[in-house]
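Visitor: Here are the chains, one letter per residue:
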Amino acid sequence: MIQKHWWKGLAVLILLYVFIVGMRTPLAQGITSSSPTILNSGSIVELSVEGYNTYFTQGENNAFLKIDSSHAICATDIKVLNDNQLKLTFALPTTLPTADANMPATLVVNNTVKGFAIYPDAASIKATPVEDSTSNANWESCDNPLITENSEYDFPFRNVLMETIRNTYFHVPLWFSMIFIFLASMINSIKYLRNDFDIQYDIKSKALIEIGVLYGILGTITGGIWAQFTWGAFWSFDIKQNMTAITLLIYLAYFVLRSSFDDEQQKARLAAIYNIFAFASIIPLLFVIPRMYDSLHPGNGGNPAFGGEDLDNTMRTVFYPAIIGFTLLGFWIGNVLTRVNKIRQELIDRM
Amino acid sequence: MLSEIWFLLRKDITLELRQKYAISGILLYVLSTVFVVYLVFVQLNPRVWNAMFWIIILFASVNAVTKSFMQESGYRALYYYSIANPIAVIISKIIYNTLLLSFLTLLTFGFLSLITENPVKDMQLFIVTMLLGSVGLAITLTFISSIAVKANNSATLMAILSFPVVIPILITLIKLSAVSLRLIRDTSYGQDIVSLLAIDLILISVAFILFPFVWKD
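From first to last, the protein sequence lines stand for chains V and U.
Just so you know, we're using my numbering here: the first sequence kicks off at 1 and counts up by one.
Just so you know, we're using my numbering here: the second sequence kicks off at 1 and counts up by one.
Treat the hints as calculated values from the structure; they're not laboratory data.
A portion of the hints provided could be inaccurate.
To be verified - Dumping the calculated DSSO-like pairs for lysine-lysine here, alpha-carbon to alpha-carbon at most 27 angstroms:
id : chain 1 : residue 1 : chain 2 : residue 2
1  : U       : LYS150    : V       : LYS191
2  : U       : LYS67     : V       : LYS267
3  : V       : LYS240    : U       : LYS175
4  : V       : LYS267    : U       : LYS150
5  : V       : LYS66     : V       : LYS79
6  : V       : LYS191    : V       : LYS267
This is chain V alone, in the form it adopts within the complex:
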C-alpha cells in the first residue's frame, strides 16, 4: 500500500512543512521609516530611524548613508532609544560627488549581533551643482564600514511587502500547480482521442480541470488579498491579473461546452478537443503577453522572475517544496474525484 500511496503522504508532509515554516520564520532586520527625508548638504542632520524586527540594544551598531558603491559617509553619532528606534547624526559634506542638484541616498544600519538592514532611497540630498567634483574626498571617508553577515534562518525584508512576503508560498505555487494540472488534463485528453475513445480518460481530464479551476480561483483570491495590502486595490489593471481571469473564463467555458451536449461520446470527444485547444491558447496568454507589457508583478515588462537573483535562497527552501506539495495535493484530489465520477458512471450504466 505504501508503494501506491506514498506520494499522498508526501504531499501532506510537504504542505505541513510549508505552512509551519512559512508562517513561523521571522523576517530579517528592516527599516520602516527614517525622517527627515530632504537633507541639505553642508549641514549636520539628525535622522530618526525606526526598525522592524530589529534589536538595536544588543551588540554594537553602525550606520552609513550611501550614494553609490564608492561614496558613503558614516554616522558620527548613534543614540539607541530602544530596540526599534535610533537617532543617527550625519555631517554632510558641502558638495555632492556628481553634478546633480539632488541625489537619493540609501541608509544602511548594521548591528553586530543581528546583521544589517538596508533602506533604499531613505533621503534625498540637495546641493548646488558644481562643475568640479574633485571634492569627492569627503564622500569617500567612510571606507569599508562594518557589515555583519547574519547566518540565522529568516526571510528577507522588503519595505512594501513586510510580512506579506509569506504569501509567495501560497499564491505563486497555486498558479504553478494549476498549470501542471492543466497540462496533465490535456495529456489525458490526448490519450482519450488516441486510445479509441476510452471514457476513463475523459472522466480523469474533467476531474483535473475542475481541480485546476479551483486552484486558479484560489490563486486569484490570494493574489487579490495580497494586492489589497501592497498595491492598494483588489484588482488593479494589471496585465497578469487580466490574463488569469481570461484563462479562468476559457476553462469555465469548457464546462458550458460539456453541458450543451447530451450524447456521452460526443460530449467527451468535443470536450477533449476543446481542452487541447484551450491549453494551446493559454500558453501565449500566460507566458508571452505579460512579458510584453509593464506590470506591477515582479519580473514583467522584461524578464521573468526566474533568474538567480530574484529569489532569496532561504525562501527557495520553502518555495520549491510548496510547488511540489500543491501539485501532488491537486493530483490526489483529482484522483479521488475521478474515482467518485467513475462509480457514478457505473451506477448510471447499470440502471
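Place chain U on chain V using the hints.
Guide: Here is chain U on its own, set in the frame of chain V:
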C-alpha cells in the same frame, strides 16, 4: 491535396456569390453598427475610434463565421465531406473565412472613415494589422464554430467559447492599431507582429491536428 483545397474554396466562394447570404448579412451588420456609432458620437476622438473599430470587427466576425458553418446542412455536407480530406476542409474553410473577414475589416474601415474622420497616421502598419487580425480571428473562430455548430444552442455557445480565446489576439491587435493611430509611441512593434504570427501558428497547428476528430461525427 492542394487541388482539393482549391476546389472546396471555389465551391464556397461560388455559393456565396450566388446566394450572397453571408455577405449581405455582414454588409447589413457593419453598416448599421457604424451608423449607430456615428449617431451617438458624431465626432470621434482617435481613442474612441480605435475602440469602436475593434468592437464592430469582433462582433461582425463572430456573426460572419457562425453563418458560414451553419449553411452546411446535413446530407449535402455529408456527401461532400465523406470524399474530401478533413485537413483540406479546414484549410479551405480558414482561407474562405480569412477572405471574408478581410473584406469585412476593409469595409468597416472604409465606411467608418468615410462617415467620421480617418485618424490613421501610419496606413501601412494599419493595413498589416487588419490583415493579420483577419487571419488570426478567422483561424480561431473557424475552429471554435466547427465545434459549436454541433450543439443545440450554438449561437450562444459560439459566443461563450470564442470570446476568451480571441482575447490575446485582440489585445495585440488593439496595441498595434493604437501605435498606428499614434495613440502610443512604440518603435518596437515588430515584436508584436511576430508574436501575433506566432499565436496564429500555434492555433493553426492545433486546429490541423484536432479538426479530423471533430469531423468524424
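Visitor: Does each hint hold? Answer for all of them.
Guide: Cross-check of the supplied hints:
1. About 23 angstroms separates the Cα atoms of LYS150 of chain U and LYS191 of chain V, which keeps this hinted pair within 27 angstroms; it holds.
2. Simply put, LYS67 of chain U and LYS267 of chain V have alpha-carbon atoms about 23 angstroms apart, close enough for the 27 angstroms limit, and the pair holds.
3. Proposed proximity of LYS240 of chain V and LYS175 of chain U is supported: the alpha carbons are some 16 angstroms apart, at most 27 angstroms.
4. With a CA separation close to 10 angstroms, the supplied pair LYS267 of chain V and LYS150 of chain U stays within the 27 angstroms bound.
5. Restraint check for LYS66 of chain V and LYS79 of chain V: satisfied, since their Cα atoms lie roughly 20 angstroms apart, inside the 27 angstroms limit.
6. A threshold of 27 angstroms between alpha carbons decides the hint, and for LYS191 of chain V with LYS267 of chain V the separation of about 16 angstroms falls inside it, so the pair holds.
Against the hints set out earlier in the document, no violation occurs for any number.
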